[in-house]
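Asks: Each chain is listed here by its residues.
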Amino acid sequence: MTTYTDKIQEVAKRLLNDGTVDFVIGFRKGSVPMMNQPHYAKAAGDAEQFIWDSHCGLNLANYLMDREEKVGVVAKGCDSRNIANHIVENKIRRDQVYIIGVPCTGMVDRHKLPKMVDGEITDVEEDGDTITVKTSNGSQSFNKSEVLQQNCADCSHRNPVIYDEMVADPVEEQTDTDMFATVREIEEKNPDEKWDYFEDLISTCIRCYACRNACPLCYCPLCFVDESDPQWVGKGQDPIDVRTFHWLRAYHCAGRCTDCGACERVCPMGINIREFTKKLNKDCYEIYGWEAGLTTDERPPLDTYRPNDPEEFIK
Amino acid sequence: MKIVQIDKSQWMEGIEKLKEAYRVYAPVKYESFHDFKALDKGEAPDFDFQNTRRSPKSVVYPQSEILFRYSLDKNSDEYGILKEEEKDKTPKAVFGIRPCDAYSFHLVKRNFDTEDYQDPYWLAEYNKSTFIGMACNAPCTTCFCTSAGTGPYDEQCLDALVVDAGDHYLVKLLSEKGEKLFEAAGWTTEAEASAESRIEELKSAAESKVTSTVNTDNLKKQKMLDLYEAPFWEEVAFSCINCGTCTYVCPTCWCFDIQDETSGKSGVRLRNWDSCMYPLFTLHASGHNPRGTKLDRVRQRFMHKLKYYVDKYDDGIQCVGCGRCVQSCPVNIDIRRVCNMMNSYDPETAMCEVTTV
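Heads up: the sequence lines are chains A and B, in that order.
The opening position of the first sequence corresponds to residue 1 in the numbering used here, with each subsequent residue numbered one higher.
The opening position of the second sequence corresponds to residue 1001 in the numbering used here, with each subsequent residue numbered one higher.
In case anyone wonders, no lab produced these hints; they're calculated from the structure.
Hints are not guaranteed to be accurate.
Simulated DEER-style distance windows between Cβ atoms [what the hints assert, rightly or not]: (1) E1085/B with E173/A: 54 to 60 Å; (2) T122/A with K1180/B: 38 to 44 Å; (3) Y1308/B with F224/A: 43 to 49 Å; (4) L222/A with E1085/B: 26 to 32 Å; (5) E146/A with E1115/B: 54 to 60 Å; (6) A1044/B with E227/A: 25 to 31 Å; (7) S1266/B with F224/A: 23 to 29 Å.
No farther apart than 20 Å at their CA atoms in a straight line, the calculated lysine to aspartate or glutamate pairs in the EDC-like style are these [as the list claims (entries may be wrong)]: (8) K70/A with E1353/B; (9) K115/A with E1234/B; (10) K1008/B with E1183/B; (11) K1294/B with D241/A; (12) K29/A with E1235/B; (13) K279/A with D154/A; (14) K1002/B with E1183/B; (15) K29/A with E1353/B; (16) K1294/B with D1311/B; (17) K70/A with E165/A; (18) K112/A with E1235/B; (19) K1294/B with E1234/B; (20) K29/A with E1234/B; (21) K144/A with E172/A; (22) K1037/B with D1073/B; (23) K70/A with D164/A; (24) K112/A with E125/A; (25) K1294/B with E68/A; (26) K1294/B with E227/A; (27) K29/A with D123/A; (28) K42/A with E1235/B; (29) K70/A with E1235/B; (30) K1029/B with D118/A.
Backbone N, C-alpha and C define an ideal beta-carbon position, used for all residues, glycine too.
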């Protein structure tokens, strides 16, 4: 990971010094364990704070929209897919963004790890595949595969799909993963069980909208839940309104979600919000053979009309 | 002041007894965190926690609260009348509140109980609550209470302070309300004379464990406009995604929004927590928003807590150092770092001290 860090800093400095970009967006070390902070460098000196490790789980494509400048951005596989999606949706021009690609080996699950150790986590170190967790009661080591975010464990696009420069050789892609195992489990439930499952899933939601705001897809100038004239959704804690928010948000992401896991990572209550979007990802995969953000040449399926559409109702 | 001793084996018996006269709120364990909850009959609190995920402010000030009901049915006798919502009058016992969280009610009271305005809803809930603190023997690494006007054994806003002394609890009764509650629970065994020094010992040990601090000495001396116009806000605000996490987990964020929600021919007037991070916060009817950008909103939150409040009340910052926003902010904006930046800012050079905390 140190080599990635050194290379990211080196590339960022070069891009800033030769004027290729106006600024570079990456991560710097956070003030609490497992939390790196999005950071921008306008001058080579600021680039020295850039780092890379297994706590860079936010999606930096979220910081690229509606900009006028030329931007360098550090991007792992999923970030690059969201950048591709932004390009298709005209949120940024391809020639405006310089993608510093990072082959990714997955991010540590900051919700899961505290449940696996005893005491408050004071530091998390990594050496290759070994993650060592220091707590107020001692120290414990894990293999990285045990503590990955679920979306990373299931990921089949670890390498950036578009980039201008890579910081290292591509990593081997995982081919034996099953992205939709939990979706199938839910699909097998009867309607009452499904209802209970999702009610329980979002029962602790506080409507802080961190999931929505960390998501690169959620860029509406005014979200339907915020709008007050007309007001579509109640703003209190009525379960109907909480449900409406989650369901509609998920549908707005259909065919666009790259399963980057940012929504789940940022949730202060640790809700597995991907349970919603993953079902729609599965449908898009099975019906249209589509995975979001793999190309800049094609619009997402629910955003497209083709004269040869097989459905009768649309003709 | 009286100190009582409670054997841990008698604990639940007393809590069950209390439930007959009080609604008892206490921390319980959810899958991966603790939070305050009104305990059901037979339900035990769980004190094996450092800090609850959310602050207990909702016990007094719910996230969403019905104030009135109304009818829009012209055939109804109650057509067009706002009827105040009946509230449960049962007293509340807030058990196991951390001293820092109890202190937050003192700060928030300044907003809801002024000479000119008294908020009847907040005050009714506050006045019927008895705050039984649980002294904090193992503060988190993100706690900075001792430099925010409070501490792990702070007694100033509690009716009683419970200290975990191994196989038993020692309880300092700090007010009449507190004494009444402990009598109702049947916890009346006076502690031995050595209890006070034992509590002092534990208190010093706990205070020494709070290693994180903020500097606030210079905040009042800073000129408001200098801080407002400081260039560092761009850097502070960069990573912010304008979610409401910091404001919702915070014990001292008090802003609210009033909404009417109509369904068919009847409706309710609700008071919901608002957040200065949200796009509609302070949006004017004209369409103008004085805090229209992310930078404006982030600056507002920190200026309110660390400058406007400081200037207005001259009694420290509007923050109790619980560290919840530090732990929960999805993009790691750390109030300790921002506070130190504001405190050390030099308008001459436009420089400030950036601490790694």
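Asks: Compare the structure with each hint and give your call.
Replies: Hint-by-hint comparison with the structure:
Distance hint check for E1085/B and E173/A: the Cβ-Cβ separation is about 58 Å, which falls inside the suggested range of 54 to 60 Å. Taking 38 to 44 Å as the suggested C-beta distance range, the pair T122/A and K1180/B conforms, at roughly 41 Å. The given range of 43 to 49 Å is broken by Y1308/B and F224/A, whose C-beta atoms sit roughly 33 Å from each other. Remark: the range hint 26 to 32 Å for L222/A to E1085/B is upheld by a beta-carbon distance near 31 Å.
Between E146/A and E1115/B the CB atoms are about 59 Å apart, so this pair conforms to the stated range of 54 to 60 Å. Roughly 44 Å separates the CB atoms of A1044/B and E227/A, a value that falls outside the hinted 25 to 31 Å. S1266/B and F224/A have their C-beta atoms about 24 Å apart, which keeps the hinted 23 to 29 Å range intact. As the CA atoms of K70/A and E1353/B are separated by approximately 30 Å, the hinted pair breaks the 20 Å bound.
With a C-alpha separation of about 36 Å, the suggested pairing of K115/A with E1234/B is violated against the 20 Å cut-off. The suggested pairing of K1008/B with E1183/B holds, with an alpha-carbon distance near 17 Å, which does not exceed 20 Å. Distance restraint check for K1294/B and D241/A: the Cα-Cα separation of roughly 26 Å exceeds the 20 Å cut-off, and the hinted pair is therefore not satisfied. Only pairs whose Cα atoms come within 20 Å are accepted, and K29/A paired with E1235/B is accepted, the gap being roughly 15 Å.
Of the pairs offered as hints, the one joining K279/A and D154/A holds, with about 14 Å between alpha carbons and a cut-off of 20 Å not exceeded. A threshold of 20 Å between alpha carbons decides the hint, and for K1002/B with E1183/B the separation of about 12 Å falls inside it, so the pair holds. Restraint check: the Cα-Cα separation between K29/A and E1353/B comes to about 18 Å, which is no more than 20 Å; the hinted pair holds. A hinted pair counts as satisfied when its Cα atoms are at most 20 Å apart, and K1294/B with D1311/B does not qualify at roughly 24 Å.
The hinted pair formed by K70/A and E165/A meets the criterion: a straight-line CA distance of about 16 Å does not exceed 20 Å. With a CA separation close to 30 Å, the supplied pair K112/A and E1235/B exceeds the 20 Å bound. A C-alpha spacing of about 9 Å is found between K1294/B and E1234/B, which places the hinted pair at or below 20 Å, so the restraint holds. For the given pair, K29/A sits about 18 Å from E1234/B by alpha-carbon distance, which is consistent with the 20 Å threshold.
Distance hint between K144/A and E172/A is fulfilled; the C-alpha atoms sit about 16 Å from each other, no more than 20 Å. Under the criterion of a C-alpha separation no larger than 20 Å, the hint pairing K1037/B with D1073/B is inconsistent with the structure, at around 37 Å. Straight-line distance between C-alpha atoms of K70/A and D164/A comes to about 13 Å, which keeps the hinted pair within the 20 Å bound. Using a Cα cut-off of 20 Å, the hinted pair K112/A and E125/A holds, with the two alpha carbons roughly 16 Å apart.
As the CA atoms of K1294/B and E68/A are separated by approximately 17 Å, the hinted pair is consistent with the 20 Å bound. Of the pairs offered as hints, the one joining K1294/B and E227/A holds, with about 18 Å between alpha carbons and a cut-off of 20 Å not exceeded. With a C-alpha separation of about 12 Å, the suggested pair K29/A and D123/A falls inside the 20 Å cut-off, and the hint holds. Distance check on the hinted pair: K42/A and E1235/B sit about 11 Å apart at the alpha-carbon level, within 20 Å; holds.
At most 20 Å may separate the alpha-carbon atoms for a hinted pair to count; K70/A and E1235/B meet this at roughly 18 Å. Among the hinted pairs, K1029/B with D118/A is consistent with the structure: their alpha-carbon atoms are about 15 Å apart, no more than 20 Å.
Against the hints set out earlier in the document, violations occur for numbers 3, 6, 8, 9, 11, 16, 18 and 22.
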